[in-house]
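Each of the two chains sits in its own frame; use the hints to bring them together as a complex.
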Amino acid sequence: MATVTYDHASRIYPGTERPAVDQLNLHVEDGEFLVLVGPSGCGKSTSLRMLAGLEDVNAGRILIGDRDVTDVQPKDRDIAMVFQNYALYPHMSVADNMGFALKIAGTPKTEIRSRVEEAAKILDLTEYLDRKPKALSGGQRQRVAMGRAIVRQPQVFLMDEPLSNLDAKLRVQTRTQIASLQRRLGVTTVYVTHDQTEALTMGDRIAVLKDGLLQQVGTPREMYDAPANVFVAGFIGSPAMNLGTFSVADGSAHIGQARIPVSRDALASLTPEDNNKITLGFRPEALDIVSASDPSAIPVEVNIVEELGSDAYVYGTLKGGQGELSSPEAGENEVIVRINPRTAPAKGERIHVSIRPGQEHVFSSSSGLRLSNA
Amino acid sequence: MAQNLQITAARPDPALLDLPWDVPLADWPSSVLAALPRGISRHVVRFVKMSGGVIAVKEIGETVAYREYELLRQLSRIDVPSVDPVGVITGRQDKNGERLEAVLITKHLQFSLPYRSLFSQTLRPDTATRLIDALAVLLVRLHLIGFYWGDVSLSNTLFRRDAETFAAYLVDAETGDLHAKLSPGQRSYDVELARTNIIGELMDLAAGELLDEDVDTIAIGDALLERYNELWSALTDEESFGSDERWRVAARIDRLNTLGFDVGELEITTDIDGTSVQIQPKVVDAGHHSRRLLRLTGLDVQENQARRLLNDLDSFRAATDRQNDEEEFVAHDWLSGVFEPTVRAVPRDQRRKLEPAQLFHEVLDHRWYISEQQKRDVPLPEAVASYVDNVLRDRPDEMAILGLPPEHADQQE
Chain A
1 MATVTYDHAS RIYPGTERPA VDQLNLHVED GEFLVLVGPS GCGKSTSLRM
51 LAGLEDVNAG RILIGDRDVT DVQPKDRDIA MVFQNYALYP HMSVADNMGF
101 ALKIAGTPKT EIRSRVEEAA KILDLTEYLD RKPKALSGGQ RQRVAMGRAI
151 VRQPQVFLMD EPLSNLDAKL RVQTRTQIAS LQRRLGVTTV YVTHDQTEAL
201 TMGDRIAVLK DGLLQQVGTP REMYDAPANV FVAGFIGSPA MNLGTFSVAD
251 GSAHIGQARI PVSRDALASL TPEDNNKITL GFRPEALDIV SASDPSAIPV
301 EVNIVEELGS DAYVYGTLKG GQGELSSPEA GENEVIVRIN PRTAPAKGER
351 IHVSIRPGQE HVFSSSSGLR LSNA
Chain B
1 MAQNLQITAA RPDPALLDLP WDVPLADWPS SVLAALPRGI SRHVVRFVKM
51 SGGVIAVKEI GETVAYREYE LLRQLSRIDV PSVDPVGVIT GRQDKNGERL
101 EAVLITKHLQ FSLPYRSLFS QTLRPDTATR LIDALAVLLV RLHLIGFYWG
151 DVSLSNTLFR RDAETFAAYL VDAETGDLHA KLSPGQRSYD VELARTNIIG
201 ELMDLAAGEL LDEDVDTIAI GDALLERYNE LWSALTDEES FGSDERWRVA
251 ARIDRLNTLG FDVGELEITT DIDGTSVQIQ PKVVDAGHHS RRLLRLTGLD
301 VQENQARRLL NDLDSFRAAT DRQNDEEEFV AHDWLSGVFE PTVRAVPRDQ
351 RRKLEPAQLF HEVLDHRWYI SEQQKRDVPL PEAVASYVDN VLRDRPDEMA
401 ILGLPPEHAD QQE
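Sequence order for the protein chains is A and B.
So the first sequence is numbered by the working numbering: it starts at 1 and just counts up by one.
So the second sequence is numbered by the working numbering: it starts at 1 and just counts up by one.
This is chain B alone, in the form it adopts within the complex (with noise of 0.2 Å):
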């Protein structure tokens, strides 16, 4: 076996080197492999099991593996959701010298939901539309950003559970570039794109039967342009008002919260006699609460658990007339008093199937309808409890998803 291989990695990890890179992906060993659903793609990917973790194993051209690797990077860098690089190999070759393409590397995302695993589970109704929420956010993020993405679709996209809705995160750039600022025909193609895959993927879902019958796929589709459009006015939008109504700044920026953005920079022009004013949104940046939540507590998790569990630090404060504490104390009390006995309480064969923060949101989801149910405001450390026996047991384990066998979910091979 003469291969030369050449690994470009930011940390390269020693076991890298024993898997069998003399072997075409598509042969690889199911000893090697982790039974992970596999997405749409027009490349070999491979799920592998590797220092205890889970790594995606994509062959592809050289060039664009290290153009891919490089946005990453990027992307990562400027805290944009996405899967993390883990690096390029190159110079691959099989038994008989033969060359092998090059791989991009990248690392598993802990947690994540393929939306066609998703989709075969079966789950509320309205999935589709949260995921299509979710996506609307993270393309809207992107290219706030300046990221011109080129082939948006389900996918290229991985989802996380984020309280009751989904939070998604980049996976494939392949398509990507990133711009200083994007014109709006970028824009309009980009969502346009996104428009027709998503139709094209759940219409091949719906082929399958793993659709319910009476989904409107076009009607998703274009509902993914709506939010889109709709966040993004909201987050760019010049308004325009008289000068006696100078409360509406603090509205837009209140609104702009609401929506899980922080307003970075807000130009405010006046005109010459002072009666009407323009604010615009120059720099937004998604995560107020998420941003919120670790400033008080170091937890870090997503936007809408860090809402769920702001709300939760705010009753607590309230139940406990504190309000005029300190808010980091009052935090740090919470966090020890109510947020980590609760995860602690849930046992620790069951602890990995969810996030601990999305443990805590949905035991008190939980705590809330056995409450409605019981007519009384049951505590925390017995709805805990009544959870883990009638919810939890029965979910699947989400750390590492196991879900189509990989005979079913590798279809397009």
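Chain A extracted, bound-state conformation (with noise of 0.2 Å):
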């Protein structure tokens, strides 16, 4: 097992002039489990396939463990690639087919019976080992292609969106299938998805890219809870966080009537390129509705209500309010509010809305950059 290190690693497609990846550093520990996660064209896969061996790396080193593998070929990498190829063998035993890798590479048919075996056992497959795969359920056969790759005891795991080619209902179930199996193995594992929700329900840590460049490394819970700039705040939770730019005076962004208090950090981080303007975050369960008369009341005109059983989401229209709001989920000058579904308004009603203290997240109006927690 081992680490991996991204040592100001960059890729430069050949006639372009900006790169695929650009001086990427990331650290991943051993045994973690690491998701690359970001919208199409961010470089994801391309940072993935510079660890693989499958993409040149123009500038910088990749490192696993102590040694720098930036040119050494993929077989030699040590690495697993899993899921690339899960055709199973129709005639061969699960157990053949699990290990029929080691076979070739000249593995003691001892040795080979001992790992199969005990990848079986992780995998709850023990009794299907002498059994052709005809036998297997649909998620039994994932899990001996899996075993394939355990078998080998690589290094490193590498995924890259392994469940994209599944139906809903197995991508779920194959999720939380691959989560826990990691940690069981402790294996260091770098997983590609676009799915954000996939990022954090599987991963140690998440990390963020868009166009090339690392937007921010963390937990789940911190990319939540603190996401580093507009970007990872809008990318990051479901449905989208809302996002305006409103004007600053007195201490407070003006949202309409509605004053909404900024921390003293916040303010004295303020430059003259952000013209008395920030950006103002707030995810959806962070409001309240409250009276009209609330001098933090934000008045909302009900869209459409989103019921979902246990939640419900507004999608209204923002009244009365100068600034420009709007979630990547939701359309100009939307607003989206989680509301318990029991007291759900009804359609073109009017609610008022106030951000509950604390968790509201302020960014720099010109850089995008997060200006304080609070």
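There may be inaccurate statements among the hints.
Example chain B residues on the side facing chain A (calculated, C-beta under 7 Å, incomplete) [claimed, not checked]:
| id | residue |
| --- | --- |
| 1 | Ala10 |
| 2 | Ala26 |
| 3 | Ile40 |
| 4 | Gln74 |
| 5 | Ser76 |
| 6 | Ser188 |
| 7 | Glu192 |
| 8 | Ile199 |
| 9 | Gly200 |
| 10 | Met203 |
| 11 | Asp204 |
| 12 | Tyr369 |
Facing chain B, from chain A, some residues (calculated, C-beta under 8 Å) [what the hints assert, rightly or not]:
| id | residue |
| --- | --- |
| 13 | Tyr13 |
| 14 | Gln73 |
| 15 | Tyr89 |
| 16 | Asp167 |
| 17 | Gly218 |
It should be emphasised that the hints constitute simulated quantities derived from the structure, not laboratory data.
Backbone N, C-alpha and C fix where the C-beta goes; we use that ideal spot for every residue, glycine too.
In structure tokens form, the structure reads like this:
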């Protein structure tokens, strides 16, 4: 087992000016499950393929443990790409399906059998070892495929959108399986996805990339509670955070009639470029319904109520305000509010909401960087 | 049945609408299925009869389906041997309104042979070697144009007879990616994965007693690595020699032609005092012989079939003493006086068993064989008759090969 280190690693495709991955610095701890996440074209898959040896590293280095693997051939890196190929062989037993790569590598028979048995125990496949794949369920076949990677005992597992070709049900199941399996095995794992829910539910830590640049690395909780910039704030969380740019006067942000106090620290970090404006973020669940007379009340006209059983979300229009408010998942001047489904307002109704104190996120309107926690 | 099907296809065939899209592919009635052997696949794949032909239908996630469709379109545009995509269908629902997986549809490649049916027929013992050679050529061609396959295997390839060898076609591009140029890491990973997959597939055939016990599966996998590396370096290596050895430029081009490649661009550099020359092929295109034959005769055939036909054309030219005539005129006479009468001499009901060029190749082989036996030059018409009676009648129909019955072919699902 080993750590993984990207040290100022860059990948520039021939004929392009902007690096696909730009000076990536990232350290993955031994046994850690790290998720690379971001929109398409952000450089997450390229970063993974650089680690796999499938993309050249044009500048910087990549280390597995203490070993510089920047110029090492993929097959000599002691890594395993999981799920790339999991067609099972119909005539071979489950045990042979798991162990055939070791046989090719010339591993002694007894050693193969013991590694396969060990993997089967972890994967709950022991009783199926001598059967044919035909006798297995879909989920069990998936586990046999994982077993193929496990018996090789690589230092690092790499997974590139492994769930993308599964249907929705199997995707959720397999997600949990991979995460718990990784914890039991304790093998360092780098996992790529475009889906922030997958990232939040699976990773020990998450690295968010955009345009080839690392935006932030942290635990799911840190990413959610203290996004380092507006991009991460809007990307992590579902439904997405409401984000708007508002003028600041007398120590408060002005959303229409509402006054939202801004901390001294945040005010102090404002620069002339910010032009006395801040970008304010608040999650749908950070809003309370209040009376119209509350000084921090933000009027919202209900466009649609989305009922999810345990929760309900109001998608509404901000009324009587200047400023640009938007959530990455809602339209112009739309705000998303989580409400108690038992007291859901009707479409067209006007409600008043206020941001729970301390749950606002303040960003510079010019740089997009986080200014304070509260 | 409230379905809202979205069909994405370049030339949609209305017959597509008649297929039971509201039924999961695994449960399609045998009345619409074609009894073709299925390879090993992680998805449900079915061969379906449609508009007099056969299509392959694969259930697969929507985004992956569109991606693979686009890739296959790009590959056919740049003339890489691959299956032709027909389209993607999304928005499927079953009778209870449950969502069904999207499907990718490709055309079934006529006269193609999956490796499992090649091995389960009794073929010559070097079949494996010839399949590996074909796959190595395909892999080199794909890598030359910047295609990273990501899951090279015999299951993801179809084979067509090509004179005494095979030509390989890419069938599954699900894991593929088209790049401007591949890095050595991408190439080596692709080849290494191919080796592992091939050995796995052969071990599986051995476990199913479809492969002779003496076959060394690991050696066959290693052979792919060797063949690939040989071919790659023949096509791309830089060569350096003294300026008095300039004939080596022509020799290199000849060698590439013999391997079946044309040199589109050759980089020649000399050092400052002009005593040594370096050459490196920059652009090589496969299909040297098939392009030449196409230009001369309009026949569009596989590379080695073309080589065979061109040889026959050359001997026709020599035999008729027309070395000084325009090649195009001689080719026209050969086509109407030799090739076409030979193919037409095969009874109509036997003709569809093999492609015309393959038929012609086998007739030539047969003529050589019986001429040897009878110690005389057997004329072509006599050779055709003997070939049809003694060889072709016993051959299976390979236009759409009927291999294992479907219940045996489908061991994966």
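Hint check results:
| no. | hint | verdict |
| --- | --- | --- |
| 1 | Ala10 | violated, 23 Å |
| 2 | Ala26 | violated, 11 Å |
| 3 | Ile40 | holds, 5 Å |
| 4 | Gln74 | violated, 18 Å |
| 5 | Ser76 | violated, 22 Å |
| 6 | Ser188 | holds, 5 Å |
| 7 | Glu192 | holds, 5 Å |
| 8 | Ile199 | holds, 5 Å |
| 9 | Gly200 | holds, 5 Å |
| 10 | Met203 | holds, 6 Å |
| 11 | Asp204 | holds, 4 Å |
| 12 | Tyr369 | violated, 36 Å |
| 13 | Tyr13 | holds, 7 Å |
| 14 | Gln73 | holds, 5 Å |
| 15 | Tyr89 | holds, 4 Å |
| 16 | Asp167 | holds, 6 Å |
| 17 | Gly218 | violated, 28 Å |
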